[in-house]
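Visitor: Spelled out from the first residue to the last, the chains are:
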Amino acid sequence: MSGTQEELSVSLWRGGKDGRYQTYSVPRRESQTVLDVVTFVQRHLDPTLSYRFACRVGVCGSCAMTVNGKPRWTCRTHVAKVAGGGRLEIGPLENLPVIKDLTTDMAEFFEKWQRAKGVFAPSQTRHDVIVQIRPDTPARVAADAAIECINCGVCYAGCDTVRWNSDYLGPAALTRAWTLVNDERDAGNRDRLQAVAADGGCHSCHSHQSCQELCPQTLNPTAAIAGLKRRTAAAYLKGEIKA
Amino acid sequence: MNVRLYVWQRATAALMVPLVLGHIAIIFYATRQSLTAADILSRTHGSVLWASYYGLFVAAASIHASIGVRNVLAEWSPLSDRGAGLSAIVLGLLLAALGFHAVVALVLM
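Chains as they are written, first to last, in our numbering: chain A, 1 to 243; chain B, 1001 to 1109.
Pulled out of the complex, with its shape left as it was, chain A reads as follows:
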């Protein structure tokens, strides 16, 4: 290990909505992640610091924070990649209510998944024969494209439309809806298309593509939302859904 004498200047958000940044000095380590830095502060400098994490390996999606102005998954973000000039400013995710310090209330984020009908609606029962799904059909390829979403909220925090329109479902919920729209085993598409075609649905997206740029899983929510726009417009013109 090298560079243990180096120090990082780390500003962490403390308090609720009306809190402020507080600066700490943290030893710089090799292969150090942003989550390592936050954990060091909590364990060695200030045990009252609140933050959220679980797996530490980019699977659970619970450790996202705003790092030097951009939402990132902190467990897979190396300090060397983001700490220009040895400085880090770490805050809670934007577009979500702050509970305390670096933790946000994700309830609204997940409620929007429900509003977008992001729950699989089975078309068969366990007693039916298992249907063979070919992995190379266009629909399955479209469904597979976003199946790796880890619900981290990074796209939601980085979305301008969510910032301007609190009613907007957001990239994650709409990407989940697009996955299910393309899942041939699902039977809930009419309700789902109806849900995402309403005010605050897919047509509110301005295609700024921040979600695509920021997604730690390199998914493309903008493309998924564009697909929903096409599919809902066609369904509306055919009279299958109402405005």
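Some chain A residues close to chain B (C-beta under 8 Å, calculated; not the full set):
hint, residue
1, Asn165
2, Ala197
3, His203
4, Ser204
Calculated Cβ distances over 12 Å to all of chain A for the following chain B residues:
hint, residue
5, Gly1099
6, His1101
7, Met1109
I should point out that these hints are in silico values taken from the structure, not numbers from a laboratory. Here the structure is a predicted model, which is why all the values come from computation and not from measurement. Glycine included, each C-beta is placed from N, C-alpha and C at the ideal position.
Since the structure of chain A is provided, determine the placement of chain B on it from the hints.
Guide: Then chain B, alone, in the frame of chain A:
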């Protein structure tokens, strides 16, 4: 923005693409031929074709612009969705009134 407004905005945009290109071509033609206002009015007077062309243009632009402005007001102003919608309708009607007034002047005067 919902699917109904989205379809109307995209449809009017698609309609305006050839209309805008035609309008620009007409402007180039009129300026290059050094047509005066009297020359232009003499050609458009009583023309159903010009009335239809610019009447359609005015209708499409009024609908398209008012939907866009509704979205801007809903996202960027303190107005409620209802307030933004009503403001956009007023704007659309104003644009339509001004536009159709110009079309009437073009073909009837």
